[in-house]
Amino acid sequence: MYQLRIYTLRTAEALHDYATVHWPRHIPSLRIFGVTTHGIWTDHATKAHRLIALISYPDDADPGEVTTAYMDSPEFAADMHGFDTGNILNVEELALDPTAASPLS
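Counting along the sequence shown from 1, when you hit position 62 you're at 62 in our numbering, and nothing is skipped either side.
Derived by calculation from the structure, the hints in this document are not laboratory data.
All of these numbers come straight from a predicted model, not from anything done at the bench.
Heads up, a few of these hints could be off.
Computed beta-carbon distance windows for the label pairs [what the hints assert, rightly or not]:
1. 77 - 36: 16 to 24 Å
2. 92 - 25: 17 to 25 Å
3. 101 - 32: 29 to 37 Å
4. 85 - 4: 15 to 23 Å
No residue lacks a Cβ here, since even glycine has one placed at the ideal position from N, Cα and C.
Model the full assembly from the supplied sequences, consistent with the hints where possible.
Structure representation (structure tokens):
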């Protein structure tokens, strides 16, 4: 299952820190939980302060359970060390199903 995650950050500085330090730390630690990161992007709109990540879970995984386990883990705590999580204003999660014509199907 693919998931698009959209993080809205408080400031441009918080977005920069999250995009260049903390999300890159998530990539190897998420792998431990079976989650693959396909890419991370920032929104072109300069005042949007959004980071977008495309991830996928194993076919038999419950994304909610995996997310909870990851966020309760020492790996997540290490990934987020030094970042004020109050700078994350919103996280939107969109479950995606590839169409038959998708190269990802």
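Now for the hints, and whether the structure bears them out:
no., hint, in the structure
1, 77 - 36: 16 to 24 Å, "holds (21 Å)"
2, 92 - 25: 17 to 25 Å, "holds (21 Å)"
3, 101 - 32: 29 to 37 Å, "holds (33 Å)"
4, 85 - 4: 15 to 23 Å, "holds (21 Å)"
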